[in-house]
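We have chain A; now place chain B onto it with these hints.
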Amino acid sequence: MPAVMDGPTTLVRVQDAVVKYGFIAVTVFLFIFFALTEPAFATSSSLFSMLKFASVTAILGLGVTFTMVVGGLDLSIGSTAGLAVQLAAMTMVFYNFTGVTAVLVVLLGGLAVGLLNAFLIVVAKIPDLLATLGVMFVIQGAKLIPVSGQSVSSGMVLRDGSVAPGRFTPEFLKIDRGYVGPIPLPVVIMLVLVVLSWFVLSRTTWGRLMYAVGANPEAARLAGVRVGLYRGLAYVISALFASVAGLILVSRIGQGDVNAGSSSLLEAVAVALVGTSVLGLAKPNAWGTLLGALLVGIVLTGLTMKGFQYYHQDTAKGLVLIVALLFSFTISRRKVRYTPAT
Amino acid sequence: MSPGTLDPGPEPAGDQAGPVLELDAITMSFGANQVLKGVTLGLQPGRVTALLGANGAGKSTLIKVLSGVYPEHGGQVRVAGAEVVMDSPLAAARHGIQTVHQRIDENIVPGLTVAENLVFEEIIRGEIPPVRSLRRLLPRAREIAATLGLDWSDAVLTKDVFELGIADSQMLLLARALSQRPRVLVLDEPTSTLSAGEVERLFDLVRRLCTEGVAVLYVTHRLSEVRELAADLVVLRDGQIRATQQAPFDMPAVVRSMLGESVLAVSKDLVEQRGERVALTLRGVQLLYRSEPVDLDLRYGEVTGVVGLIGAGKSELARGIFGADRLRSGSMTLDGVPYSPHHTQDAVSRGIFLVPEDRAAEAMLPGWSLTWTATLPFLRSVSRLGLLQRPRENRVGRSVLEDYGVVATGPDQPVDSLSGGNQQKVVVGRWMHAGPRVLLLDEPFRGVDIGARGDISRRAREQAAGGACVLVLSSDVEEIREIADRILVMVEGHVRLDAYTTEIDNDAIVTSMSEVA
Numbered sequence: 001m002p003a004v005m006d007g008p009t010t011l012v013r014v015q016d017a018v019v020k021y022g023f024i025a026v027t028v029f030l031f032i033f034f035a036l037t038e039p040a041f042a043t044s045s046s047l048f049s050m051l052k053f054a055s056v057t058a059i060l061g062l063g064v065t066f067t068m069v070v071g072g073l074d075l076s077i078g079s080t081a082g083l084a085v086q087l088a089a090m091t092m093v094f095y096n097f098t099g100v101t102a103v104l105v106v107l108l109g110g111l112a113v114g115l116l117n118a119f120l121i122v123v124a125k126i127p128d129l130l131a132t133l134g135v136m137f138v139i140q141g142a143k144l145i146p147v148s149g150q151s152v153s154s155g156m157v158l159r160d161g162s163v164a165p166g167r168f169t170p171e172f173l174k175i176d177r178g179y180v181g182p183i184p185l186p187v188v189i190m191l192v193l194v195v196l197s198w199f200v201l202s203r204t205t206w207g208r209l210m211y212a213v214g215a216n217p218e219a220a221r222l223a224g225v226r227v228g229l230y231r232g233l234a235y236v237i238s239a240l241f242a243s244v245a246g247l248i249l250v251s252r253i254g255q256g257d258v259n260a261g262s263s264s265l266l267e268a269v270a271v272a273l274v275g276t277s278v279l280g281l282a283k284p285n286a287w288g289t290l291l292g293a294l295l296v297g298i299v300l301t302g303l304t305m306k307g308f309q310y311y312h313q314d315t316a317k318g319l320v321l322i323v324a325l326l327f328s329f330t331i332s333r334r335k336v337r338y339t340p341a342t
Numbered sequence: 001m002s003p004g005t006l007d008p009g010p011e012p013a014g015d016q017a018g019p020v021l022e023l024d025a026i027t028m029s030f031g032a033n034q035v036l037k038g039v040t041l042g043l044q045p046g047r048v049t050a051l052l053g054a055n056g057a058g059k060s061t062l063i064k065v066l067s068g069v070y071p072e073h074g075g076q077v078r079v080a081g082a083e084v085v086m087d088s089p090l091a092a093a094r095h096g097i098q099t100v101h102q103r104i105d106e107n108i109v110p111g112l113t114v115a116e117n118l119v120f121e122e123i124i125r126g127e128i129p130p131v132r133s134l135r136r137l138l139p140r141a142r143e144i145a146a147t148l149g150l151d152w153s154d155a156v157l158t159k160d161v162f163e164l165g166i167a168d169s170q171m172l173l174l175a176r177a178l179s180q181r182p183r184v185l186v187l188d189e190p191t192s193t194l195s196a197g198e199v200e201r202l203f204d205l206v207r208r209l210c211t212e213g214v215a216v217l218y219v220t221h222r223l224s225e226v227r228e229l230a231a232d233l234v235v236l237r238d239g240q241i242r243a244t245q246q247a248p249f250d251m252p253a254v255v256r257s258m259l260g261e262s263v264l265a266v267s268k269d270l271v272e273q274r275g276e277r278v279a280l281t282l283r284g285v286q287l288l289y290r291s292e293p294v295d296l297d298l299r300y301g302e303v304t305g306v307v308g309l310i311g312a313g314k315s316e317l318a319r320g321i322f323g324a325d326r327l328r329s330g331s332m333t334l335d336g337v338p339y340s341p342h343h344t345q346d347a348v349s350r351g352i353f354l355v356p357e358d359r360a361a362e363a364m365l366p367g368w369s370l371t372w373t374a375t376l377p378f379l380r381s382v383s384r385l386g387l388l389q390r391p392r393e394n395r396v397g398r399s400v401l402e403d404y405g406v407v408a409t410g411p412d413q414p415v416d417s418l419s420g421g422n423q424q425k426v427v428v429g430r431w432m433h434a435g436p437r438v439l440l441l442d443e444p445f446r447g448v449d450i451g452a453r454g455d456i457s458r459r460a461r462e463q464a465a466g467g468a469c470v471l472v473l474s475s476d477v478e479e480i481r482e483i484a485d486r487i488l489v490m491v492e493g494h495v496r497l498d499a500y501t502t503e504i505d506n507d508a509i510v511t512s513m514s515e516v517a
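Residue numbers (the numbering used here), protein chains in the order written: chain A, 1 to 342; chain B, 1 to 517.
Next up, chain A with everything else stripped away, as it sits in the complex (with noise of 0.2 Å):
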């Protein structure tokens, strides 16, 4: 007998549509607000040095996207990238190499620490956040080693007192301060990645397979699908685009911070959640993780023009994080799944 749900009520209906389109009107309403309020707010530059900033956590979200996707969650990927804005920074000072090889070697890096990641969860099966817990901290703690927990910088004294040979490349340093014609290049990064990461997401056979592994792992392996595979590309992908987001933050900083991205993990992880309630998909997806970071930086830049200061940007982003949440677990209709036991 099929179980026919009651007709939406008129209720149901504005509930289903304060879900679907809330955040977006949330986000829209923001943006006029400062925009009314503030005359530098919506001047070009502000609006793509506002862009520029949210392209970093973007691109960590969209990392992050992928393993909420298959069921995860990665916490390694600040230290990921951390990692990352070292690595570029030695390749380039320490041992002179081009800003090419810089990137490269980052990359390389990147893929080892998925690949580690994937080996811990599907092959040690640890549960995905405490493997990405321990490769978080052995990341923050083993990057400090080689360099005595000294930041890298151009004409630094290297241990046995001489001077570091090489420096930041322009052309690496091109990476944050390039443009694509009027578009800071960080952004045509952003987007791509967003567009590449949904159309995987949404139009391979990958991403279904990635989407069927995160909604019940033992249907898509009684279905045939190789769980441990696409658990394990998942993280790969998060590390490879936490690498991604780390040669942004040193080609801006010019140089190699051991802070650099450690405070970005709760904001990256921030920013997919966010990005679940959009359009009421109540799932991880591209394009709201873009969404959610395009939030905060909103806010971020908004609040900062209306000259609120440093310290209550946290705030502010735990905020749009609870709203978030509101709308995708609160207010969002639950789906009636309930089959009654006879």
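Take these hints with a grain of salt, some might be off.
To give an idea of the interface, some chain B residues facing chain A are shown, with a C-beta separation under 10 Å as derived from the structure [what the hints assert, rightly or not]:
#, residue
1, Phe322
2, Val348
3, Phe353
4, Leu354
5, Met364
6, Pro366
7, Thr375
8, Leu376
9, Pro377
10, Leu379
11, Gly386
12, Leu387
Simulated restraints on C-beta separations [unchecked claim]:
#, chain 1, residue 1, chain 2, residue 2, range
13, A, Gln15, B, Arg135, 48 to 58 Å
14, A, Tyr311, B, Val85, 52 to 62 Å
15, A, Leu325, B, Val510, 51 to 61 Å
In silico EDC-like links for lysine to aspartate or glutamate, alpha-carbon gap of 20 Å or less [to be verified]:
#, chain 1, residue 1, chain 2, residue 2
16, A, Lys283, B, Asp416
17, A, Lys283, A, Asp16
18, A, Lys306, A, Glu38
19, A, Lys283, B, Asp412
20, A, Lys20, B, Asp412
21, A, Lys125, B, Asp325
22, B, Lys159, B, Glu121
23, B, Lys37, B, Glu72
24, B, Lys159, B, Glu106
25, B, Lys37, B, Asp238
26, B, Lys37, B, Asp24
27, A, Lys52, A, Asp314
No lab work stands behind these hints: they were computed from the structure. Just so it is clear, CB atoms sit at the ideal spot from N, CA and C, and this is done for glycine as well.
The following block gives chain B in isolation, referenced to the frame of chain A:
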């Protein structure tokens, strides 16, 4: 009731005339799905009333009404002639109704000791102070255990309840129920996990309770137990009482009312198909932890039905063939070629498909549409170079919907919002649509309404007629007779009987099912 004493509880109703518990036109709906359609039933003190019904008849729902889980039910419940409100499990207990549920794990609390589980009801009701040492609980726990004749030492009572076996956990729950001195005891398939000796012990106990005037509602699938124990019998089908009998029972009539005439009519029409060519051979396959190796040949062109009780090794057989679990020992061949699946994909790529036993946990993806669920195992066939081809996907979704008669608003409807029978049609249909070489159906009719059951049966037989090797596993003899050309009876991991359906009657099957090594 004061803690630590054995209170007499409600007066035994033995000498009262009339039923101790009356259900009057009980109804219960989940959304638009009416599961109980007016159940009227009386339980006499000192008698065992058997409640029979196929899967999905509404038995569990009725029991839950009786244990106060569904306060929103319709109709009246009367205890000793007075109407009572069954709005919570505590209310049920107050009116002297105790239920021992089928799912043991839902009713004992792991992490607590055996003793704490025994006095659990008293802890909940606050009859035992919140802070009390385990040692001071032991006398009361021992008393409760003794009502069942369980001679549990303090060492046993202080163990984590998790360390008790299934049978002992069952006994614990029974003892707990009896410690409340119920007037009405509801037993939901209490023997499914018990050994023969433990079953005897349980039966003795039930008979003793009857002499003390307790009314027992005994829910079971096993007709032999009904014959042995029950004085009255009711059959529930599709939410209504379809038959009421007093001992001695007319069992064929009982079975007919359980299954409905239409089903039996279909099974009489079964045109036997006999396969020739062997699809799968199993040699020296050990299915359970301690069981003899099994040799088995499964043939194309026929439906092989495997019947056996819970724990007979049926699922292990299906999952081993599908590569979902490794075989403990032994080897297999497929079409004469060695076959040893390391992963379910090895099976799927060879056309060996499994519909698993637990649909919700093993086949459903929350929120996934019919189309997505249908295409999941075969994404390669609806994609090009890894890119999903929407039109091809939608065609598959639509044809599963239409060919297998799924009642849904369309191929985009989430499968988990469909009824059990329609969910199962999707899960079965997606494999059949792809043309299986070997199709393994593990308990395919669980939680499936009678119409869908007929459809799935017919489709499975068509697959066999078209040349596939179909294996159906069930603990229900009638289900197997309805669908299978060849019947294998499994007991404790080995095959006790292997015969063609037309050459064997139910008695022979039931007899061999009850043979224990």
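How the hints compare with the structure:
1. Phe322: holds, 8 Å
2. Val348: This interface hint holds because 3 Å falls under the 10 Å limit.
3. Phe353: Holds - the Cβ of Phe353(B) comes within 10 Å of chain A, reaching about 9 Å at its closest.
4. Leu354: holds, 6 Å
5. Met364: holds, 6 Å
6. Pro366: Where the cut-off is 10 Å and the nearest Cβ of chain A is about 6 Å from Pro366(B), the hint holds.
7. Thr375: Since chain A brings a Cβ to about 8 Å from Thr375(B), closer than 10 Å, the hint holds.
8. Leu376: Given a least distance of 5 Å, the restraint on Leu376(B) holds.
9. Pro377: holds, 4 Å
10. Leu379: Hint holds; Leu379(B) Cβ to chain A Cβ min 4 Å, cut 10 Å.
11. Gly386: Where the cut-off is 10 Å and the nearest Cβ of chain A is about 5 Å from Gly386(B), the hint holds.
12. Leu387: Holds - the Cβ of Leu387(B) comes within 10 Å of chain A, reaching about 6 Å at its closest.
13. Gln15(A) / Arg135(B): 48 to 58 Å: The hint (48 to 58 Å, Cβ to Cβ) holds, given that Gln15(A) and Arg135(B) are roughly 54 Å apart.
14. Tyr311(A) / Val85(B): 52 to 62 Å: holds, 58 Å
15. Leu325(A) / Val510(B): 51 to 61 Å: 56 Å Cβ-Cβ, so the 51 to 61 Å window holds.
16. Lys283(A) / Asp416(B): holds, 16 Å
17. Lys283(A) / Asp16(A): It holds: about 15 Å lies between the C-alpha atoms, which stays within 20 Å.
18. Lys306(A) / Glu38(A): Satisfied, since the Cα-Cα distance of roughly 8 Å is no more than 20 Å.
19. Lys283(A) / Asp412(B): holds, 17 Å
20. Lys20(A) / Asp412(B): Holds: Lys20(A) and Asp412(B) sit about 18 Å apart, inside 20 Å.
21. Lys125(A) / Asp325(B): Within the cut-off at roughly 17 Å; holds.
22. Lys159(B) / Glu121(B): holds, 19 Å
23. Lys37(B) / Glu72(B): holds, 14 Å
24. Lys159(B) / Glu106(B): holds, 19 Å
25. Lys37(B) / Asp238(B): holds, 8 Å
26. Lys37(B) / Asp24(B): Distance ~11 Å between Lys37(B) and Asp24(B) Cα, so the pair holds.
27. Lys52(A) / Asp314(A): At roughly 19 Å apart (the allowed maximum being 20 Å), Asp314(A) and Lys52(A) satisfy the hint.
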